[in-house]
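We have chain A already, so just place chain B on it with the hints.
The chain contents come next:
Protein chains: 2
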Amino acid sequence: MDYQSLNPVPHLTTALPLEVLQTHLLAHQAEIERWLRLQWQDSPAPFYASVDLRNAGFKLAPVDTNLFPAGFNNLDPAMMPLCVQALQSAIEQLDVGARGVLLIPENHTRNLYYLESLATLYDILQKAGYEVHIGSMLPDLDTPQTITLPSKRQLLLEPLIREKHCLSVKNFVPCLVLLNNDLSSGRPPILEDIQQEIIPPLHLGWSSRLKSSHFTYYSQVAKEFSKQVDIDSWLIDPLFRNCGEINFMKKEGYECLADNVNVLLNAIQRKYTEYDLPHKPFVIIKADAGSYGMGVMTIHSVDDIFAFNRKQRTRMSKTKEGKSIRKIILQEGVYTFETLGKLKAVAEPVVYMIDHFVVGGFYRVHTKRGVNENLNAPGMHFEPLPFVNSCITPDLCQAANAYPNRFYAYGVVARLALLAAARELHHEY
Amino acid sequence: MDYQSLNPVPHLTTALPLEVLQTHLLAHQAEIERWLRLQWQDSPAPFYASVDLRNAGFKLAPVDTNLFPAGFNNLDPAMMPLCVQALQSAIEQLDVGARGVLLIPENHTRNLYYLESLATLYDILQKAGYEVHIGSMLPDLDTPQTITLPSKRQLLLEPLIREKHCLSVKNFVPCLVLLNNDLSSGRPPILEDIQQEIIPPLHLGWSSRLKSSHFTYYSQVAKEFSKQVDIDSWLIDPLFRNCGEINFMKKEGYECLADNVNVLLNAIQRKYTEYDLPHKPFVIIKADAGSYGMGVMTIHSVDDIFAFNRKQRTRMSKTKEGKSIRKIILQEGVYTFETLGKLKAVAEPVVYMIDHFVVGGFYRVHTKRGVNENLNAPGMHFEPLPFVNSCITPDLCQAANAYPNRFYAYGVVARLALLAAARELHHEY
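Taken in sequence, the protein lines are chains A and B. Position 38 of the first sequence, counting from 1, maps to 38 under the working numbering, and the rest follow consecutively. Position 163 of the second sequence, counting from 1, maps to 163 under the working numbering, and the rest follow consecutively.
Take the hints with a grain of salt, since some may be wrong.
Said to hold, decoys possible - Chain B side only, calculated, beta carbon under 8 angstroms to chain A, not exhaustive:
#: 1; residue: Ala27
#: 2; residue: Ala128
#: 3; residue: Gly253
Unchecked claim - The calculated label-pair distances, taken between Cβ atoms and stated as ranges, are:
#: 4; chain 1: A; residue 1: Asp276; chain 2: B; residue 2: Thr143; range: 46 to 56 angstroms
#: 5; chain 1: B; residue 1: Ala30; chain 2: A; residue 2: Pro150; range: 47 to 57 angstroms
#: 6; chain 1: B; residue 1: Leu38; chain 2: A; residue 2: Leu38; range: 26 to 36 angstroms
#: 7; chain 1: A; residue 1: Gly379; chain 2: B; residue 2: Lys152; range: 37 to 47 angstroms
#: 8; chain 1: A; residue 1: Gly379; chain 2: B; residue 2: Val173; range: 27 to 37 angstroms
#: 9; chain 1: A; residue 1: Leu343; chain 2: B; residue 2: Trp40; range: 46 to 56 angstroms
#: 10; chain 1: B; residue 1: Ala27; chain 2: A; residue 2: Leu343; range: 26 to 36 angstroms
#: 11; chain 1: A; residue 1: His427; chain 2: B; residue 2: Phe172; range: 31 to 41 angstroms
Stated by the list, open to error - Covered stretches of chain B, as calculated for chain A (at least 3 residues, CB under 8 angstroms):
#: 12; segment: 28-34
#: 13; segment: 60-69
#: 14; segment: 129-140
It should be emphasised that the hints constitute simulated quantities derived from the structure, not laboratory data. Beta carbons are placed, not taken as given, at the ideal position from N, Cα and C, and that holds for glycine.
Chain A extracted, bound-state conformation (with noise of 0.2 angstroms):
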């Protein structure tokens, strides 16, 4: 099948041969499967998530693990059947005997965007045959309220009942309350000392969560991993430092975060020159408790934190709904070789899981960001990853660059970084 006259997918530009990790992947596959069922058996997946990764060629790493994944709306609809078979798998696993779902959404109701994606989940849940209603935190919704999106859907919004230790809408009380918020602003006291299982629990919300974290896990699942099938962990492992309270507005904080910068720019320069690699190392600082993309800047020199114009200082301040920014995380900059069109557009891709599921993908698209830029931005752009016969199907029989090998180990990769949101979920709390 000629993938690429069915669905855009990136052309991948490096001068350095890329196939190694790739070939090395698939020719593991059997094991990594094998590790992988162990890994779950022993830490279960979380409900969902959607990871970003960032493929340089000679390094595949995940930038971001989101627990509470938006943007289903972007995944190709032939996805649809295989959403629905995993989510269903999730929900009996939890053995709650749920009729009913109850979904709660982030409070954003003029991100046409993120309705969209809401619209799409709600539609999984109700394909999956459960009563689906969505219960809104908005503060000032008395009674249902019905918004038209452009995919002409509808979406009901029903004001969110708490009545002591329980949770319902008006005439609808579900047994399952699945969260589609990522509680960035705090935990919302509504939420708290609920009789109904809430799924993922409120501990995994940016309020409580940290990228810094979340890393620390991972690196030690890319360790573990990497033990296994024989690589240098590196090559899947993103870099990372973090510093203590910062403050950009009032320039507090700087010096350890030059520091910082310095020791990791040095670091990622000695794995360069280890395996030749002619780029030049850069860092992205980001939010340690951050998402949607705010927060987040390249950095190539330390010069570069004492040159923060306001405008820059002010972006690296607040985060989604206005919250501060106090603590950030230092992140080994991770090159995307992958362009997409005759623009040569920078793409990175996404991958989205439910339980341990890979069950499709995007490729985050922006035409005026540069290799080494945060794609998650305004002008940013989706094409659905043609994950059929692909992420969760590697094609032994052809070549390891091949679009569907490609794909295989983006599954691998995104796998991995799941298992280390699912070790954050049962070990920490």
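Relative to chain A, chain B alone:
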């Protein structure tokens, strides 16, 4: 999406309002899925199955349930990820920590259709991340034999080895033995008292199983389901009767057969009268333990029996691998009013399931057979069902007779037959 343009979809021709059943099932979707979920908790589904359906518009019923399905090669390749995911889920639930799977196939090495199906099943297992070997029971296979298929795929058949209570092939001891041999010729001693898990268990083979027993369970399932969704169970349940010993060659047992045919034709006529259906009742007689469409005949009146010629009687005397037919089942003939293409070839849907998940299907099409005949016969061909966005993902916004919604009904009725098999599996032995 215009399904017609993607895949040929049979045209459903009937003078009767045919949407009633489909509309009804769609309207009760959440209830149906919930009911099925509870059923699987009591009676876990068999490992895999294919169900032959007949769609008369006014009636949609299973007519055969195969627990050692072949025909995987006829599924749309786009369904592979769904198959892989369901298989991973099914094997994980067995909790055998399986890394390696030994697949035990049928012994026909010259049936290339079967071998293509075997190659696809092998492929699904491999893509799910298992090391797979094919352990053949062919009596004259002393060394591994490679078969190159018309699809250019290669199959390696290795001689099955038994040492004490352990099955293996040379240098490979599996945790799990997957049987894809329906045991029509009996339970091979080499498979008895094995310490590894054999899935499906031997007692589900045609050496022990009877269609009449399956349809007894099915009838009960259909009654319970019909009560749940408030329909006449006849709309999904083919009437049947069975006879004692019969010997077509010696014309023994004909009186009993004739009596039963009469009773059944009258019962069908009463239902046709009740629903004001203009059709002529007919009965299908088939080997109670038969498979591969062998030993099947259409009967319109008692006279047909006594008019059997020698060729017909010979055909009703032996089934697969020359096994004698002594027991038969008489089943209400269900018209198929689905026709495909300009030739108006008669078509019947076949639905595939792994665990309790619908993973695909196809239409069995025959240009030389009538609406009241068995289509599982030489000359048949297959058209993949465009199940994507369909069988398990009905679209409530479309008309009930839209393709996706017709397929939802198929998925429901096929799963009812699967549930009957699950009860056979768990309650009888």
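Now the hints, each set against the structure:
no. : hint                                    : verdict
1   : Ala27                                   : 13 angstroms, violated
2   : Ala128                                  : 7 angstroms, holds
3   : Gly253                                  : 46 angstroms, violated
4   : A:Asp276 - B:Thr143: 46 to 56 angstroms : 48 angstroms, holds
5   : B:Ala30 - A:Pro150: 47 to 57 angstroms  : 27 angstroms, violated
6   : B:Leu38 - A:Leu38: 26 to 36 angstroms   : 30 angstroms, holds
7   : A:Gly379 - B:Lys152: 37 to 47 angstroms : 46 angstroms, holds
8   : A:Gly379 - B:Val173: 27 to 37 angstroms : 57 angstroms, violated
9   : A:Leu343 - B:Trp40: 46 to 56 angstroms  : 50 angstroms, holds
10  : B:Ala27 - A:Leu343: 26 to 36 angstroms  : 48 angstroms, violated
11  : A:His427 - B:Phe172: 31 to 41 angstroms : 36 angstroms, holds
12  : 28-34                                   : holds (count 5)
13  : 60-69                                   : violated (count 0)
14  : 129-140                                 : holds (count 3)
Figure legend: structure checked against the earlier numbered hints; hints not met, in rising order: 1, 3, 5, 8, 10 and 13.
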